[in-house]
Amino acid sequence: MLNTTLRRHAPFWLSLIAGIALWEIAGRSTSAAFMVPFSATLVKLWQLIQTREFLNQLLDSAILFSTGFVLALAVGMPVGMLLARVRVLRVGTEPYIMVLYATPMVALIPFILSIMGFGFVPKVLVVFLFAVFPVLYNTVEGARSIKPELIEVAKSYRSSEWALWREVMLPYTLPYAMTGVRQAIGRALVGMIAAEFFLSSTGLGQLIMTASQNFDTGGVYASILLIGLIGVALMRLGLKIEQHFARWRQ
Amino acid sequence: MSGQSIGVASPVVAPRKAKAASGRLADTYLPRVITGVVILLAWEFIVRAFAPAYVAKPSTIVLAIPRVIVDPAFLKATGATLLAVAEGLGVTLVFGTVIGVVMGRSLSFDRAIRHYINGFNAIPMIIVLPLFSLWFGYSANTRIATIIFAAIFAIIMNVADGARTVPREYLEVARSFRATRLSTLFGLVLPASMPYLLAGIRLAAGRALIGAVVAEFFLSIGGVGYYILLNSRTYHHNEAFVGVLLLAGFGVGFELLVNWCTRYFMPWYRRGQS
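Line by line, the protein sequences give chains A and B. For our numbering, add 29 to where a residue sits in the first sequence, where the first one is 1. For our numbering, add 17 to where a residue sits in the second sequence, where the first one is 1.
One should not assume that every hint holds.
What the hints assert, rightly or not - To spell it out: a stretch of chain B is covered by chain A in this simulated footprint if at least three of its residues, at any positions, have a beta carbon under 8 Å from a beta carbon of chain A; those stretches are: (1) 45-54; (2) 139-145; (3) 222-234; (4) 250-257.
No lab work stands behind these hints: they were computed from the structure. Computed from a prediction, not measured in an experiment: that's the story for all the values here. Every residue gets a Cβ at the ideal spot worked out from N, C-alpha and C, and that includes glycine.
When you get a sec, could you build the whole thing from the sequences and use the hints?
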């Protein structure tokens, strides 16, 4: 019993310790301008978290992320289901959605910058654009895989269009849409940082930019570690949500 | 029949009925063409009515295309970006496959590095740019490093999934014929994880493209991303948009290429959709 637990968890902890040790040694043996040891990064992170400015930046980023993300859900899911329900629309828009899904949205940032300027709205637009297509794409994929029999049965019981959406389409599509939601979380995070880098500098993007411009390598490591942890936490959350809804698939 | 092979869960799709060519024309292409025309017209009129003159609109973009595609600066930028993406993807492919296969076949190695791979994969890749520019300077090396960082984890995770899900019966057959480890690897594990590898490449190519563009924005080094940035800053939006069309073309082209490869080289492997 103890033996199997040990065998299962030992590699994880050993490699975690090895990774940290490697970071520490590499940091101590190279120039402080390139690499900062793990211990110094932690100290830096601790100092950073305690400042008032950090709290504001975190809040800024959180607002930007959630606004763009919620908008992407609010547009992506209903439009996705509408496209799946109305065949002509779906067939008509399919290739264009595919193209937009495959286009690197970062390339649009310079246009957004020069047309819309530095405000909050263009940044939300960037996050929205990054996040909306995975949601839309997966929702359409899910909704079009609804068995025609289900809709026919609902129809033959004279269910209204609204009831059909609520009772058949939504529950059937949600697990698929959640795959899109998980992807969208990752993409929205990239969009958020990109917007904060290349549009007006605010939030966590500003945190790392300022550190890098001041040649504060410790600050760069601390903010990367922090944003990385936030990324991991959000991904975990996305995975949990997806798994929760995946149980609905038959 | 107990031998159930493990596959990727796929949505049930109603079989498509074969349609006459004329039916398909009216059914599929007509809505597509109409949608395309509607999008272009809407774009054209909205920009004409509300936006300043420099904003790109379909009519002026079309006029800009012949000018841009013979522009040496544009060609050079395209070459630089494409080469960097190809180089980065090449490195990614080799190392990603090796690490992925080892991860998929060795449980303790998987347990040891899985959290690193997951962690790096969850990090929004652009935040490493300030660090990479510190390490590799404001040069093309940083762009390659960014591309590799952006792409490699997608490959590793997919290949590891593929190598892990090689059906047990196949491995048993290989062992009972006393196949060496090497021939099991090349004859069985690698081919079996090919579809996963291709899915990984599709993901990785998209991310590599984003990585290249972002690196060019950030570092101001020559490439399509920088071409777009420079032209849109100087209010040459139409020229800049041709760059976006090119990137979209790469993205879609790669998607189609991978789909075609999957169908052509792996006809046994079906993903939900036809």
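Quiz prompt | Cβ contact check, 8 Å cutoff: the segment 222-234 of chain B against chain A, three residues minimum | solution = holds (count 6)
Quiz item: Against chain A, does the segment 139-145 of chain B show at least 3 residues with beta-carbon separation below 8 Å?
Solution: holds (count 7)
Quiz item: Counting residues of the segment 250-257 of chain B whose CB is closer than 8 Å to a CB in chain A, do you get three or more?
Solution: holds (count 4)
Quiz item: Are there at least three residues in the segment 45-54 of chain B whose beta carbon sits under 8 Å from a beta carbon of chain A?
Solution: holds (count 6)
Of the numbered hints given earlier, the model fails none.
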